[in-house]
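So the protein sequences, as listed, match chains A and B. Take 1 as the starting number for the first sequence in the working numbering and just add one per residue. Take 247 as the starting number for the second sequence in the working numbering and just add one per residue.
Because the hints were derived from the structure by calculation, they are not lab data. Careful: at least some of the hints might be erroneous.
List of simulated lysine to aspartate or glutamate pairs, DMTMM-like, C-alpha gap at most 20 Å [unchecked claim]:
id : chain 1 : residue 1 : chain 2 : residue 2
1  : B       : K291      : A       : E55
2  : A       : K82       : B       : E304
3  : A       : K70       : A       : E160
4  : B       : K291      : A       : D73
5  : A       : K70       : A       : E9
Chain B is nowhere near these chain A residues, computed Cβ spacing over 12 Å in every case [unchecked claim]:
id : residue
6  : E4
7  : N12
8  : N25
9  : Q30
10 : G60
11 : D91
12 : E100
13 : P159
14 : I182
15 : L241
By construction, the Cβ of each residue, glycine as well, lies at the ideal position given by its N, Cα and C atoms.
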Amino acid sequence: MTEEILRVENLNKFYGDRHILHDINFTLHQGEVLTLLGPSGSGKSTLIRCLNGLEDFSSGAVYFKGEKIKPTDKNWQEIRQKIGMVFQSYDLFPNLTVMENILLAPTKVQKRAKDQVAQEAEGLLKDVGLEKYADSYPRELSGGQKQRIAIVRALIMHPEVMLLDEVTASLDPEMVRGILQIMTKLSKKHHMTMIIVTHEMGFAEQIADQVLFLEDGRILENTPGKAFFAQPKTERARDFLESMDF
Amino acid sequence: MNWQVISHSLPIFAQAFKLTLWLSLVGILGSLIVGALSSLIQYFKVPILSQLFTAYVELARNTPLLIQLFFLYYAFPVIGLKMSATTCGIIGLIFLGGAYMAEGFTGGFSGVNQTQIDNGKALGMNNLQLARYVVFPQGFALSMPALAANVIFLIKETSIFSVIAIPELTNTALDLIGMYYRSNEYLFVLVVAYAIVLIPVILLLNLLERRVRYGTFGD
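Whenever a hint applies, use it, and build me the whole structure from the sequences.
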């Protein structure tokens with residue numbers, strides 16, 4: 001059995017009286033890719049944001065490498081250096097160049113030596129085909145390019161797990177492919193442990209080791225990827241897959 | 247209008263002009279520092295300090311500078327704290343201006359997108375790092391119009407220093423009028439002097455606003 005990276009135990013979240021997440025339980029192992037699927041408003045984004053403390057939860061616990069995370073600001077700050085996250089909105093810091101965006105956290109938060117990080121950044125930029133844009137400002141880049149930089153900016157922190165929250169949802173269809181290829185490469189070549197929220201079913205089918213299917217804040221299915229796409233256990237998931245597949 | 251009266255008064259006004267400029271400069275810089283600090287403390291809801299600064303902002307914004315100066319100049323010596331008129335003036339201006347600048351910064355900081363904050367947090371930044379690398383640079387650009395309006399306001403507010411006998415422009419004009427009964431001439435010089443300070447400042451601030459905005463957001 002490979003090492004356990006994240007474990008979620010009986011996680012519940014309320015907004016006031018509204019019960020947003022119901023008794024969420026799952027485990028993520030080293031190198032695994034977990035995809036969160038489900039209709040809009042099912043709680044996928046809220047759940048993924050609970051995993052690095054951007055949202056707080058009402059009860060339950062998150063374990064990182066077997067250790068329970070005490071949900072204090074300071075603890076989350078430490079943990080977030082090991083849990084990278086990329087968002088739907090591909091926000092780079094607009095006042096900084098691409099290179100400055102990438103170097104900011106490793107040098108200021110992790111206090112790593114600038115020239116070493118810069119060298120690594122150049123390599124990563126090359127991997128995503130954007131080495132020419134190191135000195136550009138985000139405003140000079142397309143959405144897809146910005147999202148690739150956002151992924152590089154998360155990777156350079158050397159995270160042990162990556163959270164990807166609908167990272168292709170606001171991109172032009174043309175741009176989507178490039179991003180999906182990067183994620184696929186991350187998984188297959190670098191064995192990055194990832195949790196992916198996506199509406200790209202074809203991609204999910206290819207990449208998912210495990211699928212969590214959510215509706216109304218409940219996990220309806222926790223099924224291995226191949227099995228889920230071949231034969232969902234619940235009727236709701238079957239309907240969902242059919243609706244996505246015209 | 248007697249031009250000779252005017253030309254004779256110019257050296258005195260020149261002194262006053264310099265003093266007004268200097269007081270404004272010190273007051274504005276002090277206000278910006280106090281305002282930025284106060285606003286960041288409120289933004290990150292630093293316990294105790296943030297309540298303290300909220301109280302300060304309310305107190306300073308809801309009392310006239312005239313009364314604040316009277317307090318510093320006439321009431322403080324009663325409790326054994328005697329300061330020169332100039333010191334009182336500068337402290338008063340920073341006390342008032344700091345609160346206005348704080349409100350200006352707060353408007354800008356609250357305009358920084360939550361997604362930017364989330365990005366900073368997701369990269370492991372603590373509050374101090376978020377403030378320095380995300381909230382302040384972007385919020386500052388958004389605050390520029392409000393801060394610029396405050397700069398103009400504070401320069402004009404130095405005219406109130408006349409009541410505690412600081413020989414700046416307004417005090418000098420009133421003094422001269424009292425001595426020579428030439429109100430038309432001296433008031434004319436006074437108006438021109440303020441215009442000479444304020445018009446370039448306004449133009450400069452407009453330019454700066456656009457520059458900072460473009461440098462930060464590129465639009």
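We went through each hint and held it up to the structure:
Pair hint K291/B plus E55/A holds up; C-alpha atoms about 18 Å apart against a cutoff of 20 Å. Taking the CA atoms of K82/A and E304/B, the gap is near 42 Å; set against the 20 Å cutoff, the hint is violated. Taken as a hint, the K70/A and E160/A pair is honoured in the structure, with Cα atoms around 19 Å apart against an allowance of 20 Å. The hinted pair formed by K291/B and D73/A meets the criterion: a straight-line CA distance of about 13 Å does not exceed 20 Å.
With a C-alpha separation of about 13 Å, the suggested pairing of K70/A with E9/A holds against the 20 Å cut-off. At roughly 22 Å, the least C-beta separation between E4/A and chain B is larger than 12 Å, which holds for a residue marked as non-interface. With a minimum CB-CB distance of about 22 Å to chain B, N12/A clears the 12 Å threshold, and the non-interface call stands. Look at N25/A: its CB is around 24 Å from the nearest CB on chain B, clear of 12 Å, so calling it non-interface holds up.
Every beta carbon of chain B lies more than 12 Å from that of Q30/A, the smallest distance being close to 21 Å; the non-interface claim holds. No beta-carbon of chain B is positioned within 12 Å of the beta-carbon of G60/A; the least distance is around 21 Å. At roughly 5 Å from the closest C-beta of chain B, the C-beta of D91/A falls inside 12 Å, breaking its exclusion from the interface. Not every CB of chain B lies more than 12 Å from the CB of E100/A, the least distance being 10 Å, so the non-interface label is violated.
Once the 12 Å rule is applied to beta carbons, P159/A is inconsistent with being away from chain B; the minimum gap is 10 Å. The Cβ of I182/A sits about 18 Å from the closest Cβ of chain B, beyond the 12 Å cut-off, so the non-interface label holds. With a least beta-carbon separation of about 30 Å from chain B, L241/A lies farther than 12 Å from that chain, consistent with its non-interface assignment.
The structure is inconsistent with the numbered hints 2, 11, 12 and 13, although it conforms to all the rest.
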